[in-house]
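Here are the chains, one letter per residue:
Protein chains: 2
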Amino acid sequence: MKINWSGRSHYFSKNDLNYFSKVIKTADPLTQGTYLKKFESSFSKYIKNKNVLAVSSAASALEMIASIIDLKKGDEVIIPSHTYCASAIPFARNSAKIIWSDIDLDTRVVDIQDLKSKISKKTKAVVFVHLYGYAMDLSKIKSYLKKKKIIIIEDCAQALGARVNNKMVGNQGDFACFSFHAQKNITTLGEGGMLLFKDKKLMKTLTQMRHNGHCDFNFKRKNYWVPAMGNLDFELKNKWPYKFTLSEIQCAAGIRLLKKINQFNSLRIQRAKKAIKEWASLKELSFNKNFINKRHVYHLLSAYVDPSKKINRDKLIKTLFHKYKIKCAVQYIPLNRYPLFKKNGFGKSKCPNADKFYDNMISFPFHIWMSDSHFNYLINSVKKAVLELRHD
Amino acid sequence: MKINWSGRSHYFSKNDLNYFSKVIKTADPLTQGTYLKKFESSFSKYIKNKNVLAVSSAASALEMIASIIDLKKGDEVIIPSHTYCASAIPFARNSAKIIWSDIDLDTRVVDIQDLKSKISKKTKAVVFVHLYGYAMDLSKIKSYLKKKKIIIIEDCAQALGARVNNKMVGNQGDFACFSFHAQKNITTLGEGGMLLFKDKKLMKTLTQMRHNGHCDFNFKRKNYWVPAMGNLDFELKNKWPYKFTLSEIQCAAGIRLLKKINQFNSLRIQRAKKAIKEWASLKELSFNKNFINKRHVYHLLSAYVDPSKKINRDKLIKTLFHKYKIKCAVQYIPLNRYPLFKKNGFGKSKCPNADKFYDNMISFPFHIWMSDSHFNYLINSVKKAVLELRHD
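From first to last, the protein sequence lines are chains A and B. Each residue of the first sequence is one higher than the last, beginning at -12 in our numbering. Each residue of the second sequence is one higher than the last, beginning at -12 in our numbering.
Everything labelled a hint here was simulated from the structure, so no lab data went into it. Among the hints, a few may not be true.
Note that the list lumps identical chains together, so a pair holds whenever it fits in one copy or between two copies.
[What the hints assert, rightly or not] Below, computed lysine to any residue pairings styled on SDA-like, alpha-carbon distance capped at 25 angstroms:
| id | residue 1 | residue 2 |
| --- | --- | --- |
| 1 | LYS209 | LYS297 |
| 2 | LYS109 | SER358 |
| 3 | LYS(-11) | ARG208 |
| 4 | LYS1 | THR21 |
| 5 | LYS207 | LYS305 |
| 6 | LYS296 | SER104 |
The structure presented is a predicted model; accordingly, all values stated were derived computationally and were not measured.
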């Protein structure tokens, strides 16, 4: 392969590597120490939300959300079928009936009209996924959902730094999660995530929920070791805390990369815009639309390949793969199509756009450490491949 | 403090740090790649068990065990009250009724007679914890439990390298977990664990369970991207997979430290034996007994302080803390005493030994990177403190 699909979003500078070595060399404790506090406080400042907790993954954050919203059997949670499975599994495990929402073909995120049509008296929560880094504006739907007492959850796994009206996504609803997985806009060395929440009164409960119920005693101890070295408690009835802790070296990586997030995102945006401009004459490909007041951070660069044209998606992927040695991907098969969801009664959806988009989409390799020359090669190869297929 | 309680069990050599830098610099992907495979295969060889899966923590391994044994409401799981809370929480979450087993005062692990008295028709599983690194011999109780179709789970979080009749603990039952948390005999940089299981037929299900149900398709695909980049499935009915993945750098640390585990454990054993020998004349302190055919790896060095003597535990901790600047700990408050367990109906136990041991135990700082001179200072300070208190 000339341009492969990468399993990491970042390579590190010599200074970064020295910093990581220093942390590994000196941190005591190796988990739940000062780097955790520092990462949370940096993240908090960046995202402008005081209620943040670093956790082992975005899936862990969603698991905590699914637990704290206290779903009862029969409660419905509406989730786009076009997303990664971790957006849905925690809710399914916590006994939600999942209702699949469709996407808007222009934005590839939740279609508000479709969502409204799927709300019922049993709807307990709605998950909005800012997929591909596209910032979804919830301002209009928010009051509608609030009136119905429906909980709003933002899955910002791919959207760190995405903004609506200059405000960071993750602050529009009741809960949000971010991911620092290997391929994300920043990564805590492969695994990691962040939980955000609106109601500051939940801080104590969620902090306990993150780490086996660990907490302070609610009285001053005379001796540090009695009645025990620390207390364990948890305020939610019939629920149990988790072990979703992020280690110090992971937090240190988060601290380090977060300092450069604007630089990373600017490069993503600049490159995505360049490619989309260069491909403007290729009418077979279409891209995200509707950017008024939005900052799309392009976690991925993907296109919809119009199936009515001669150049279908599969032909394009094949040509890029075999002739140009570029490995593209297709992403976010509608979750209802997987055996995992079928077996559990979530095999059906009314999401024609999600189906249509998935069946005709292509995702180009878009790791930001790609050299300019490789990126130009990608742009030119896609142009050439489309033109060749047109005249095939 | 002259000798503090440390939040890390290891410092790393220059070579280790260079190795970690190389991994961070070059690994692609940053999670679920070749280091995971290599760590699992090294661990597998060391522990002599082919069925191992590296996971995010020992708690994650226990969560997977608690899920796969398919507990029904009313099923009882017997767990020592004298252990860390993560031994119990996953079972409680998965609807077990927890029955607390008592410990033997000589070994500080499950008392077999007490255990037998607590088995009922509803007993679905028993958790044995090789606490402090003491290797518990299950050979006698095993067939008794098998006859009753009771599942045997070994919690080896503190016992990597502990052996019974020259066989590694973790191979005596149906399932086992190990921990690589910050303070353990080896650490995957703060967080990490390993799941072991006896029945190789479970490999597929547990591999899916570890990572959101990811698996191969059960047919050969013509194109790598259809029907999707990968499949999601899960064989257990009404269960959902987790996100319990360990990153490449964490696995790399595991690979690196596992090479030196014998050296680490030998040092632990040698130092523990030296201290116990030097303290032999202090009749107020007693240590683990019963070592026939056993290799105790001394994750911790703890003593029982005879409450009938003048020198009680609290006085000893105070003296060591204030006069000798040594920070000791007390560990494993009977879990039934925590609000977390009380609130959920597990507040009562019949475990007089666990209560008595906890109320009178002292755990000395025992990180193996402690210098010889500090370790000798610890030995001598304990001697002096006991003698002073005797004549107080």
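Here's how the hints hold up against the structure:
1. LYS209 <-> LYS297: between (79 angstroms within a copy, 21 angstroms between copies)
2. LYS109 <-> SER358: Neither: 50 angstroms inside a chain and 63 angstroms across chains, both beyond 25 angstroms.
3. LYS(-11) <-> ARG208: For LYS(-11) and ARG208, the Cα distance is within 25 angstroms only across copies (23 angstroms; inside one copy 63 angstroms).
4. LYS1 <-> THR21: Answer is both: 23 angstroms inside a copy and 24 angstroms across each meet the 25 angstroms cutoff.
5. LYS207 <-> LYS305: between (68 angstroms within a copy, 17 angstroms between copies)
6. LYS296 <-> SER104: neither (32 angstroms within a copy, 75 angstroms between copies)
Violated hints, in rising order: 2 and 6; the structure is consistent with all others.
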